[in-house]
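Asks: In case you want the letters, here they are:
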Amino acid sequence: MVKLLEVKDLYVSFFTHAGEVHAVRGVDFELKKGETLAIVGESGSGKSVTTKAVMGLIPKPSGLIKKGEILFEGKDLAKMKESELQNVRGKEIAMIFQDPMTSLNPTMTIGKQIMEGMIKHQKVSKDAALKKTIELLDLVGIPQPELRVKQYPHQFSGGMRQRVVIAMSLACNPKLLIADEPTTALDVTIQAQILELMKDIQKKTGVAIIFITHDLGVVANVADRVAVMYAGKIIETGTVDDVFYNPQHPYTWGLLASMPDMDSKGDELFSIAGTPPDLIAPPKGDAFAARNPFALKADFELQPPMFKVSNTHYASTWLLHPDAPEITPPDAVLKRRNLRTKAGENRGK
Amino acid sequence: MGRYVLQRLFYMVFTLFLITTLTFFLMKLLPGSPLQNQEKLTAEQREVILEKYGLNDPVPVQYVRYMKNLVQGDLGISFKYDNREVSTIIGERIGPSAQLGFQALMIGTLIGILLGSIAALRHNTWVDYGSTVISVLGISVPSFVLAALLQYYVGVELRWLPVAMWKGFEYTILPTLALSVFVIAQVSRFMRTEMIEVLHSDYILLARAKGISGSGIILKHALRNALIPVITILGPMAVNLMTGTLVIERIFAVPGLGEQFVLSIMVNDYTIIMGITIFYSALFILIVFIVDILYGIIDPRIRLAGGKS
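Chains A and B, in that order, give the protein sequences.
Numbered according to our numbering, the first sequence spans residues 1 to 349.
Numbered according to our numbering, the second sequence spans residues 350 to 658.
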């Protein structure tokens with residue numbers, strides 16, 4: 001498949017009173033047409049900043065792309081002028097934000113907000129834009145779209161508003177959709193509906209999606225591939241099966257172990273001890289070393305490279321080095337490996 | 350919406366009634382009478398006049414009589430200006446006051462919105478700091494001090510504009526400026542704060558993510574939302590201008606309503622005091638009402654909430 005987006009060695013910093021915050025520290029990833037990549041990580045891991053850099057929405061002058069390339073269909077977005085970026089945003093790459101209650105303009109009808117991008121990018125007439133808007137609202141599952149276009153955001157519920165935001169993002173048939181925690185602010189039942197809707201839309205339009213989330217359940221549901229971020233770096237990447245059933249990085253182990261499942265009743269839920277490092281002065285080795293019970297001496301001293309686990313699966317931990325001592329991962333991880341073997345056997349039958 | 354307006358109208362009339370009643374009795378507490386400085390009158394003549402105007406009756410009786418006339422739209426006649434109707438006097442005097450107030454409000458709001466928006470867009474630069482200094486000065490320097498300064502420097506030293514009187518448009522410029530500085534200061538401060546908040550909101554980020562250009566974002570998305578709270582201060586501001594004109598009209602010798610009001614209080618011209626108070630109150634209540642309607646036009650959330658009730 002053809003590469004749609006390629007991010008190479010991206011560094012983003014924010015300049016605050018306390019000093020330079022190294023929010024993104026050398027991120028590489030790529031996305032093929034029509035593919036869904038989930039970027040997982042806790043707050044402050046740099047997942048939102050990475051995608052904001054792709055959109056050219058890093059707040060200036062406090063934030064800066066220090067280094068790296070963001071190749072979208074071969075063009076480097078990191079070097080584009082604001083006026084050129086305006087022709088990419090909304091048209092080629094669209095974005096959905098976390099909180100639908102605040103991401104719509106309260107004093108503009110939703111119809112106008114959806115049509116705005118179309119009129120700007122596609123130079124269509126108002127009537128044509130309105131017709132397309134009604135179709136879009138219908139596509140995202142809003143009943144009586146002819147009536148609803150004239151209404152204001154406060155007349156919609158949270159889930160409906162997120163549908164409106166999704167319709168808005170699809171207005172110009174973008175090739176890439178960046179969804180920044182699109183279900184985090186919604187009830188669980190609505191979350192499921194929105195995820196279904198996004199999968200459905202991907203099937204119909206073939207749009208590639210970058211899905212930012214800290215919810216591993218969501219990842220398993222929607223993604224083809226996963227990138228796990230920690231302290232401004234991608235520390236493990238692979239297909240959903242790779243990362244869920246054969247995780248390699250101890251941070252990924254911690255994440256998966258702290259996810260409740262059907263069997264964990266009564267027990268105290270696992271949590272990763274400690275807090276993420278201060279990104280004003282990032283540690284020189286693996287940023288997770290200080291919280292990692294399996295950390296080797298090398299993890300504290302030297303940044304581990306991306307070790308190849310399989311053709312699709314890479315992880316950045318010294319544990320994968322040929323000379324590393326053999327260790328036993330936590331039970332939760334072993335259980336997952338067994339599940340994979342079983343799943344494989346079932347598939348074989 | 351219709352029911353809402355009707356409800357509001359009822360409250361407006363009730364408020365006006367309360368203000369009228371209160372002012373009537375408070376005014377009667379003032380020492381002296383309209384005849385206090387008429388030394389040439391004998392005691393008998395005085396009695397005749399007081400009797401004629403009904404000023405010897407108990408206060409409640411006078412009150413009822415006044416209210417009866419008021420309901421019929423009769424504000425009575427002046428005690429001082431030889432039987433002239435109060436409504437005629439107000440009519441003659443309202444022109445200059447209204448013109449000054451309107452000019453100051455328009456200029457002040459426009460410049461204030463512009464200044465506040467620019468300050469917000471250039472947040473934390475010298476433009477922002479400069480506009481903050483102007484706001485603080487505008488709020489803390491009283492209009493009469495500014496009026497005197499303008500009169501001296503622009504009127505006397507530079508001779509660009511007339512110092513006082515009311516003979517044409519150029520005579521309105523200095524008093525308008527003196528009045529509008531406070532409006533500029535207030536509006537720009539509000540506008541700056543609101544604009545900064547709006548520019549940091551999610552929907553502005555989403556608009557940028559749609560590829561809308563900078564000017565489009567400000568004009569289509571930010572301005573309207575930032576204006577909502579500013580509209581709310583325009584009502585009190587308009588009132589401030591009305592009372593502000595009392596002093597400014599005096600300084601610039603403008604034959605306005607404010608000047609007449611001050612004169613009448615000093616000589617106990619009861620009917621004129623009542624007339625102007627009622628007029629001012631009605632105007633204030635009306636402005637607040639208009640502001641509320643405006644608020645609803647700009648903010649759809651309010652419009653619909655009002656419609657449902």
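Simulated from the structure, these hints should not be mistaken for lab results.
Among the clues, some could well be false.
Partial selection, computed: residues in chain B whose CB lies under 10 Å from chain A [stated by the list, open to error]:
#1 Lys377
#2 Gln448
#3 Ile462
#4 Ala513
#5 Trp515
#6 Gly517
#7 Thr521
#8 Gly563
#9 Asp648
Result set (DSS-like, lysine-lysine): computed pairs, CA atoms no more than 27 Å apart in a straight line [stated by the list, open to error]:
#10 B:Lys401 <-> A:Lys60
#11 A:Lys123 <-> B:Lys429
#12 A:Lys126 <-> B:Lys417
#13 A:Lys91 <-> B:Lys569
#14 A:Lys342 <-> A:Lys66
#15 A:Lys91 <-> A:Lys81
#16 B:Lys401 <-> A:Lys120
#17 A:Lys150 <-> B:Lys516
#18 A:Lys81 <-> A:Lys8
#19 A:Lys132 <-> B:Lys569
#20 B:Lys389 <-> A:Lys81
#21 A:Lys112 <-> B:Lys377
Just so it is clear, CB atoms sit at the ideal spot from N, CA and C, and this is done for glycine as well.
Asks: Taken at face value, is the distance from the CA of lysine 8 of chain A to the CA of lysine 81 of chain A at most 27 Å?
Replies: holds, 19 Å
Asks: Quick check on the hint: lysine 377 of chain B CB to chain A CB, less than 10 Å?
Replies: Nearest chain A Cβ about 50 Å off; hint violated.
Asks: Under 10 Å is the threshold here; is the Cβ of glycine 517 of chain B close enough to any Cβ of chain A for the hint to stand?
Replies: violated, 42 Å
Asks: Verify the interface restraint on glutamine 448 of chain B: the C-beta must sit less than 10 Å from at least one C-beta of chain A.
Replies: violated, 33 Å
Asks: Taking 27 Å as the top limit, are the C-alpha atoms of lysine 132 of chain A and lysine 569 of chain B close enough?
Replies: Since the Cα atoms of lysine 132 of chain A and lysine 569 of chain B sit roughly 21 Å apart, the hinted pair holds (cutoff 27 Å).
Asks: When you check the alpha-carbon spacing of lysine 123 of chain A and lysine 429 of chain B, does it fall within 27 Å?
Replies: violated, 71 Å
Asks: If you draw a straight line from the CA of lysine 112 of chain A to the CA of lysine 377 of chain B, is it 27 Å or shorter?
Replies: The hint is violated at about 59 Å.
Asks: Verify the interface restraint on tryptophan 515 of chain B: the C-beta must sit less than 10 Å from at least one C-beta of chain A.
Replies: violated, 42 Å
Asks: Is the hinted pair lysine 126 of chain A and lysine 417 of chain B satisfied, with a Cα-Cα distance of at most 27 Å?
Replies: violated, 59 Å
Asks: Hey, lysine 91 of chain A versus lysine 81 of chain A, does the alpha-carbon distance stay inside 27 Å?
Replies: This hinted pair holds, its Cα atoms lying about 16 Å apart.
Asks: Would you settle whether the hint for aspartate 648 of chain B is holds or violated, based on the nearest Cβ-Cβ distance to chain A being less than 10 Å?
Replies: Holds. Min distance 6 Å.
Asks: Does alanine 513 of chain B pass the interface hint, meaning its C-beta sits closer than 10 Å to a C-beta of chain A?
Replies: violated, 45 Å
This entry does not satisfy hints 1, 2, 3, 4, 5, 6, 7, 10, 11, 12, 14, 16, 17, 20, 21, going by the numbered hints stated previously.
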